[in-house]
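Quick note, the sequences are listed as chains R and P, same order. Everything in the first sequence is counted per the numbering used here, starting at 1 for the first residue and increasing by one. Everything in the second sequence is counted per the numbering used here, starting at 304 for the first residue and increasing by one.
Calculated directly from the structure, the hints in this document are not laboratory data. Honestly, I wouldn't trust all of these hints.
As the list claims (entries may be wrong) - The list that follows gives simulated cross-link-like pairs (lysine to aspartate or glutamate, EDC-like), each with its CA atoms no further than 20 Å apart:
1. Lys559(P) - Glu300(R)
2. Lys559(P) - Glu291(R)
3. Lys559(P) - Glu598(P)
4. Lys318(P) - Asp575(P)
5. Lys559(P) - Glu271(R)
6. Lys325(P) - Glu353(P)
7. Lys318(P) - Asp390(P)
8. Lys41(R) - Glu20(R)
9. Lys22(R) - Glu271(R)
Stated by the list, open to error - Which residues of chain P face chain R? A partial, calculated answer using Cβ under 10 Å:
10. Arg365
11. Gly367
12. Glu386
13. Tyr389
14. Glu462
15. Thr483
16. Arg491
17. Glu507
18. Val518
19. Pro522
20. Ala523
21. Pro525
22. Val529
23. Ile563
24. Glu598
25. Glu603
In this text, all values refer to a predicted model and were calculated from it rather than measured experimentally. Beta carbons are placed, not taken as given, at the ideal position from N, Cα and C, and that holds for glycine.
Number of protein chains: 2
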Amino acid sequence: MSLVVVGSMALDTVKTPFGEVKEVLGGAATFFALAASKYTKVQIVAVIGEDFPEQHLDLLRRHGVDVSGVQRRPGRTFRWTGEYTYDLNTAHTLDTQLGVFADFHPEVPEHYRDAEFVFLANIDPTLQLEVLRQMRSPRLRALDSMNFWIESKRGPLTEAISQVDVVLLNEGEVRQYADTYNLYVAARRMLDLGPTALVAKKGEHGAVLISAAGVFIAPAFPLETVLDPTGAGDSFAGGFIGYLASVGDVSLATIKRAMIHGSAVASFAVEDFSVDRLTRLRPEELQQRVEQFRELTTFESTE
Amino acid sequence: MSLVVVGSMALDTVKTPFGEVKEVLGGAATFFALAASKYTKVQIVAVIGEDFPEQHLDLLRRHGVDVSGVQRRPGRTFRWTGEYTYDLNTAHTLDTQLGVFADFHPEVPEHYRDAEFVFLANIDPTLQLEVLRQMRSPRLRALDSMNFWIESKRGPLTEAISQVDVVLLNEGEVRQYADTYNLYVAARRMLDLGPTALVAKKGEHGAVLISAAGVFIAPAFPLETVLDPTGAGDSFAGGFIGYLASVGDVSLATIKRAMIHGSAVASFAVEDFSVDRLTRLRPEELQQRVEQFRELTTFESTE
């Protein structure tokens, strides 16, 4: 089934203990779309400036991503500069230049509007609401957000949360939004607003799905080499929602498998800088890693 | 099979956001023994002062724990005072009074020395080595330690690590010992010293087993109420080693189940202060929680 994503496309400059890259392809919508493209047809809504290399759009097209909803506007593309130290869990933002992203208003092309799945990547929640108004009757709406919007746009964010089925947030942001330390108490408060499920992303500790139907815990894949964590969360979301869209149902059993697919795709994303590992990821590698997850967590009964 | 534990018995004064208790039963060997007693016969080696209430020894005896290796010495029992704030992951030590623990030299009673399983709880590694010299031919030796010994007794600790089969440490201590950030790289360096397996304890994020045979990730049980995290790690160790001793084999399949039993027992331990929840824990509650762990992490194949 078709899947629409709205979010940032960016040029990233990133330094980690293992190397440095300048003005490479980045952005939440980019990572999400490339991850989800392993599973289903993706349609992207975003904005880029005059300086955005056409080759990046070609890359997305080669992965079957529909980029007709990407607006090219006068001005510069959104740029993010960040650094990770040895604790690869935390990105330190050194510079943000919004460029054309500052005046972004998502326009969902007519041929996207019947999509059954929609993912609102981390952008201003008022823009997330604009997108929801343009979609006709999606089966599953999901959103990501961040501490900045919790602090500065709590009202619109709460409205957006109440209008989606699945919320994905970093675990610290779940606690921050609900203003309580216990993750499961915080999650229950967020679910009271309307969503059927919440995914708390925990970086190297994996991700937890909390819903009325049950709790499911997906570990992070044990990696000895993490070159660049940028885009891990959006790649997780892409694998997660992409898998759901490919199967076309949202039963708990399917959602559990989707969590593992999300973790698997994210584990590849961090093995190289930018989207490099995602773009060369082969289906059989992905399938093999999903099976390895089973070994990581499955214990046999004594019976 | 029989299981010997050596470690501290203490009187704890603990404050958490949910309450406060004064001079209650605590200590690593105590939590371990009560947790392991759910699975097998436990024999304890420890030291207590003249002021240690006899009722605490009676409690241990009622749980089938052999306390004939507990030395009562002139002086005061080891006391620990600590506080947890809303982040229940970190204990803040307010006061430590070693008392008779300062001059402790473990004496393993003759009828303990043929035990097949031995757990060296967190004590001075030179004492852990003294215990190993007194045991005849245990099938499985395991130890816990902490940052204090990594910093102050690295030599004896390294010797002790090289003489055991399983090392249990907090994940931060694994990184600290191996002086590298990546947990799996750090674990490999520690396994190079001799142990066949390392268990990295991650508090609310669960625990990870790393061995040449494979990696296994046990989540922490999702709890909305944690009253007091004191003893969680030792209860995990007690469930883990206790289960192994009860089955009597150390295959990877058994070790995986043992990790889940460790997590399950630990999840009960934190539901009340001191050892209160452990002592009233019924076998059927424990078995039910182990089955709930399966739901938490098991995903069905699409085939």
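Taking the hints in turn, this is what the structure says about them:
1. Lys559(P) - Glu300(R): holds (8 Å)
2. Lys559(P) - Glu291(R): holds (17 Å)
3. Lys559(P) - Glu598(P): Answer holds: lysine 559(P) to glutamate 598(P) is near 15 Å, not above 20 Å.
4. Lys318(P) - Asp575(P): Judged against 20 Å, a Cα distance of about 12 Å means the pair holds.
5. Lys559(P) - Glu271(R): The hint is violated at about 27 Å.
6. Lys325(P) - Glu353(P): Distance ~18 Å between lysine 325(P) and glutamate 353(P) Cα, so the pair holds.
7. Lys318(P) - Asp390(P): Holds. Lysine 318(P) to aspartate 390(P) sits at ~13 Å (cutoff 20 Å).
8. Lys41(R) - Glu20(R): violated (32 Å)
9. Lys22(R) - Glu271(R): Satisfied, since the Cα-Cα distance of roughly 17 Å is no more than 20 Å.
10. Arg365: At about 27 Å, which exceeds the 10 Å cut-off, the nearest Cβ of chain R leaves the hint on arginine 365(P) violated.
11. Gly367: Violated. Min distance 21 Å.
12. Glu386: violated (15 Å)
13. Tyr389: holds (4 Å)
14. Glu462: Interface hint status for glutamate 462(P): violated (27 Å vs cutoff 10 Å).
15. Thr483: holds (8 Å)
16. Arg491: holds (8 Å)
17. Glu507: holds (8 Å)
18. Val518: Where the cut-off is 10 Å and the nearest Cβ of chain R is about 5 Å from valine 518(P), the hint holds.
19. Pro522: holds (4 Å)
20. Ala523: holds (9 Å)
21. Pro525: Holds. Min distance 5 Å.
22. Val529: Where the cut-off is 10 Å and the nearest Cβ of chain R is about 7 Å from valine 529(P), the hint holds.
23. Ile563: This interface hint holds because 5 Å falls under the 10 Å limit.
24. Glu598: With a closest approach of 6 Å, the glutamate 598(P) hint holds.
25. Glu603: Because about 5 Å separates glutamate 603(P) from the closest Cβ in chain R, which is inside the 10 Å limit, the hint holds.
Comparing the model with each numbered hint stated earlier shows that hints 5, 8, 10, 11, 12, 14 do not hold.
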